[in-house]
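Each chain, written out:
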Amino acid sequence: MNFSRVLAVIIRHLYNFKHNLERLTDSFYWPALDILLWGITTQYIQQANQKVSNLVLVFLSGLIFWQVIWRSQYEITVNFLEELWNQNLVNLFATPLRVEEWITAVFSLGFINMIVSVSFAGLVAWLLYSVNILNFGWLLLPFFASLLIVGWWVGLIVSGLISLFGKNIQSLAWAGVTLLAPFSALYYPVSSLPVWAQKIARILPSSYIFEGMRKVLSTGKVPFVNLVISFGLNFVYLLLSYFFFKYCFAKSREKGLARLE
Amino acid sequence: MFLVYNTFMPALEVKNLKKYFSNKNWWQLRKKPVVIKAVDDISFTIGKGEIVGLLGPNGAGKTTTTQMLLGTLTPSSGEIFYFGQKFNEHNKEVLKRTNFCSAYIGLPHRITVWENLAVYARLYEVKNIKERIEKFLKEFEVWPLRNKAINQLSAGQKTRVLLAKAFLNHPEILLLDEPTASLDPDIAVKVRKFLLEQQKEYKVAMLFTSHNMHEVQEICDRIIFLNKGKIIYQDTPTGLIRKLKKAKVKMVVIKAKDILERYLKAQKIKFYWRKRMIIFRIDEEIIPKALYQLSDRGVRYDEIEILRPTLEDFFLEVANK
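Protein chains in written order, with this note's numbering: chain A, 1329 to 1589; chain B, 172 to 492.
Do not rely on the hints blindly, as some may be mistaken.
[Unchecked claim] Negatives, chain B to chain A, calculated, CB over 10 Å: (1) Arg-281; (2) Arg-293; (3) Lys-309; (4) Pro-315; (5) Pro-356; (6) His-382; (7) Lys-441; (8) Ser-466; (9) Arg-468.
[Claimed, not checked] With a cut-off of at most 30 Å between alpha-carbon atoms, the simulated DSSO-like pairs for lysine-lysine come out as follows: (10) B:Lys-186 to A:Lys-1574; (11) B:Lys-419 to A:Lys-1579; (12) A:Lys-1346 to B:Lys-319; (13) A:Lys-1574 to B:Lys-267; (14) B:Lys-309 to B:Lys-319; (15) A:Lys-1495 to B:Lys-263; (16) B:Lys-208 to A:Lys-1495; (17) B:Lys-309 to A:Lys-1346; (18) A:Lys-1579 to B:Lys-202; (19) B:Lys-361 to B:Lys-371; (20) B:Lys-439 to B:Lys-421; (21) B:Lys-203 to A:Lys-1574; (22) A:Lys-1346 to B:Lys-421; (23) B:Lys-319 to A:Lys-1495; (24) B:Lys-257 to A:Lys-1579; (25) B:Lys-298 to A:Lys-1346; (26) A:Lys-1583 to B:Lys-399; (27) B:Lys-439 to B:Lys-399; (28) A:Lys-1579 to B:Lys-203; (29) B:Lys-189 to B:Lys-399; (30) B:Lys-195 to A:Lys-1583; (31) B:Lys-195 to A:Lys-1495; (32) A:Lys-1549 to A:Lys-1527; (33) B:Lys-319 to A:Lys-1579; (34) B:Lys-208 to A:Lys-1583; (35) B:Lys-419 to B:Lys-436; (36) B:Lys-203 to A:Lys-1583; (37) B:Lys-419 to A:Lys-1495; (38) A:Lys-1579 to B:Lys-263; (39) B:Lys-416 to B:Lys-309; (40) B:Lys-203 to A:Lys-1495.
No wet-lab data here; the hints were simulated from the structure. Using N, Cα and C, we set each Cβ at its ideal position, and we do this for glycine too.
Using the sequences plus the hints, can you model the full thing?
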């Protein structure tokens, strides 16, 4: 692993971020709009139905935490797509850059941009609805880490598929991760899902994370079982997604990276 | 002992390289696959400081070969050695010592020229990044554009930035895919001069593809001619031209056109008219004899031009075959 090359890929995308208004929109506009919309909606529901406690907090926290998965997977897939859109993939992989170095770079970018987006979303939620996720301090940090890993492995799977099938399936960069959302129990408990959907939820680390986070928000205690299961599943999926991406990329090389541009 | 070995070691050696593509995908179970032999068992070497042209008509396998040499396309079989090292086993070390430029490839278009080169300099682990970037931006006359985004540059300016990128890491071998395709003639001349200087001064080896035959003739020490994935000729530019024995004859005929036409038809020589001028190709060796025979039969002309074959003629002859 050469960190000069890892840094080069990180800098390349940070430069792009600096010059590209669209990427700023992704990081700030959509999270702010989501929070505004869902904040108003949940406030209205809360007023109409006083039985459900902490509805705004639960909804907005779910929304903010979903940003962790979304941002980290989005950075991986869109940064891969950026190379295709710019006809830069051949240039890039004709250098000594190794696939592992590229993965390390985009993982780091996912982390950086997740911090930026989540901090901004948290700030908006606090300013508009006085919902402060920092009140829970370090308790939520392990969940954040686990969510970040979910974003990484989803990003690797989607990027692997894009490396095989090219820009034809580029919408997966936006749509791929949302497939997990209904089964991740973002705003509701897993038990409220239909039985078949519960089975899917049980094999997704994100469902354990969101359920665990809701417990932290309501009781102030960390449910370690949820945390351990989510990390265990994440470890397996991250490993599998790494090999999947490597396999897809090698297959893509057999057909030629130039065809993707 | 090591130094002696290095001196004679080719910069690039390709052995029995093949790339076959199948049109069948894994989900098309019933489809009968058609195998396309894009590159079919080619072998060649490029010596240190040698410039080799890779020529051939469209679909000959030039780009496929270049992509395999860059490591962005996996060969079906065969071996590639750079500096005596197997490419697939030492690709990281090898790619540090090579570089590549193509007029048909992009750079991140929203970021500036300087930023792009700074990224690539880091990828190639270049030391003194600022000096290297400045040197080559000035060399290719794009220094004033350093703070402009790539998408604000013309095609020619972009090509010059790509050339600057190609020299950032002191490459010992360069793969150049039509590097002068979009350049103005004066800049193209400067680029060719620069490439020859690099060859002389630093013994940079180059594999050069171009459709500009004049350029190939001027710059290349040797030419590899590909057709349908196979090497059909490998020689110096002069050697290739010599294989084509026919010269082009242009004649402004003033008397006995019909006799001339009959003579050429009898000799099975193809000809065509351009106003009063007849143009045909004929073996260089028999030109004196043919002109004597025509004169003897009463054919008169007031202008004659005999053009020796060029590399372009060779290309057309082979491509048309």
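Results of checking the hints against the structure:
A beta-carbon of chain A comes within 10 Å of the beta-carbon of Arg-281 (chain B); the shortest separation is about 4 Å. Against the 10 Å criterion, Arg-293 (chain B) falls within the reach of chain A, whose nearest CB is about 3 Å from its own CB. Listed as a non-interface residue, Lys-309 (chain B) keeps its Cβ farther than 10 Å from every Cβ of chain A; the least gap is roughly 22 Å. Remark: the non-interface label on Pro-315 (chain B) is consistent with the geometry, its nearest Cβ contact in chain A lying 19 Å away (cut-off 10 Å).
At the 10 Å boundary, the C-beta of Pro-356 (chain B) stays outside the reach of chain A, the nearest C-beta of that chain being 26 Å off. Distance check on His-382 (chain B): its Cβ is at least 18 Å (rounded) from any Cβ of chain A, clearing the 10 Å threshold; non-interface status holds. The beta carbon of Lys-441 (chain B) sits about 39 Å from the closest Cβ of chain A, which is more than 10 Å, so the claim that it is off the interface holds. At roughly 57 Å, the least C-beta separation between Ser-466 (chain B) and chain A is larger than 10 Å, which holds for a residue marked as non-interface.
The beta carbon of Arg-468 (chain B) is kept farther than 10 Å from every beta carbon of chain A, the shortest such distance being approximately 58 Å. Restraint check: the Cα-Cα separation between Lys-186 (chain B) and Lys-1574 (chain A) comes to about 27 Å, which is no more than 30 Å; the hinted pair holds. Among the hinted pairs, Lys-419 (chain B) with Lys-1579 (chain A) is inconsistent with the structure: their alpha-carbon atoms are about 50 Å apart, more than 30 Å. Between Lys-1346 (chain A) and Lys-319 (chain B) the alpha-carbon distance is near 14 Å, which keeps this suggested pair within the 30 Å criterion.
Of the pairs offered as hints, the one joining Lys-1574 (chain A) and Lys-267 (chain B) holds, with about 22 Å between alpha carbons and a cut-off of 30 Å not exceeded. For the given pair, Lys-309 (chain B) sits about 15 Å from Lys-319 (chain B) by alpha-carbon distance, which is consistent with the 30 Å threshold. Between the alpha carbons of Lys-1495 (chain A) and Lys-263 (chain B) the distance comes to roughly 28 Å, so the proposed pair stays at or under 30 Å and holds. Our distance criterion of 30 Å between C-alpha atoms is met by Lys-208 (chain B) and Lys-1495 (chain A), whose separation comes to about 26 Å.
Proposed proximity of Lys-309 (chain B) and Lys-1346 (chain A) is supported: the alpha carbons are some 26 Å apart, at most 30 Å. Note on Lys-1579 (chain A) and Lys-202 (chain B): the hinted pairing holds, with a Cα-Cα distance of about 20 Å set against a maximum of 30 Å. This hinted pair checks out: Lys-361 (chain B) and Lys-371 (chain B) have alpha carbons roughly 15 Å apart, not beyond 30 Å. Restraint check for Lys-439 (chain B) and Lys-421 (chain B): satisfied, since their Cα atoms lie roughly 17 Å apart, inside the 30 Å limit.
Between the alpha carbons of Lys-203 (chain B) and Lys-1574 (chain A) the distance comes to roughly 29 Å, so the proposed pair stays at or under 30 Å and holds. Restraint check: the Cα-Cα separation between Lys-1346 (chain A) and Lys-421 (chain B) comes to about 62 Å, which exceeds 30 Å; the hinted pair is violated. Between Lys-319 (chain B) and Lys-1495 (chain A), the direct Cα distance comes to roughly 28 Å. Compliance with the 30 Å bound is thereby established for this hinted pair. Pair hint Lys-257 (chain B) plus Lys-1579 (chain A) holds up; C-alpha atoms about 21 Å apart against a cutoff of 30 Å.
The hinted pair formed by Lys-298 (chain B) and Lys-1346 (chain A) meets the criterion: a straight-line CA distance of about 25 Å does not exceed 30 Å. With a C-alpha separation of about 18 Å, the suggested pair Lys-1583 (chain A) and Lys-399 (chain B) falls inside the 30 Å cut-off, and the hint holds. Using a Cα cut-off of 30 Å, the hinted pair Lys-439 (chain B) and Lys-399 (chain B) holds, with the two alpha carbons roughly 29 Å apart. Distance hint between Lys-1579 (chain A) and Lys-203 (chain B) is fulfilled; the C-alpha atoms sit about 21 Å from each other, no more than 30 Å.
About 12 Å separates the Cα atoms of Lys-189 (chain B) and Lys-399 (chain B), which keeps this hinted pair within 30 Å; it holds. In summary, the hint linking Lys-195 (chain B) to Lys-1583 (chain A) is supported, as the alpha carbons are separated by about 12 Å, within the 30 Å threshold. Taking the CA atoms of Lys-195 (chain B) and Lys-1495 (chain A), the gap is about 20 Å. The hint holds against a cut of 30 Å. Simply put, Lys-1549 (chain A) and Lys-1527 (chain A) have alpha-carbon atoms about 26 Å apart, close enough for the 30 Å limit, and the pair holds.
Of the supplied pair hints, the one linking Lys-319 (chain B) and Lys-1579 (chain A) is violated, its CA atoms being roughly 37 Å apart against a limit of 30 Å. A hinted pair counts as satisfied when its Cα atoms are at most 30 Å apart, and Lys-208 (chain B) with Lys-1583 (chain A) qualifies at roughly 13 Å. At most 30 Å may separate the alpha-carbon atoms for a hinted pair to count; Lys-419 (chain B) and Lys-436 (chain B) meet this at roughly 16 Å. For the hint linking Lys-203 (chain B) to Lys-1583 (chain A), the alpha-carbon distance of about 19 Å falls within 30 Å, and the restraint holds.
Taken as a hint, the Lys-419 (chain B) and Lys-1495 (chain A) pair is broken in the structure, with Cα atoms around 50 Å apart against an allowance of 30 Å. Distance restraint check for Lys-1579 (chain A) and Lys-263 (chain B): the Cα-Cα separation of roughly 19 Å lies within the 30 Å cut-off, and the hinted pair is therefore satisfied. The hinted pair formed by Lys-416 (chain B) and Lys-309 (chain B) fails the criterion: a straight-line CA distance of about 44 Å is larger than 30 Å. Annotation: proposed proximity of Lys-203 (chain B) to Lys-1495 (chain A) holds, straight-line Cα distance about 27 Å (limit 30 Å).
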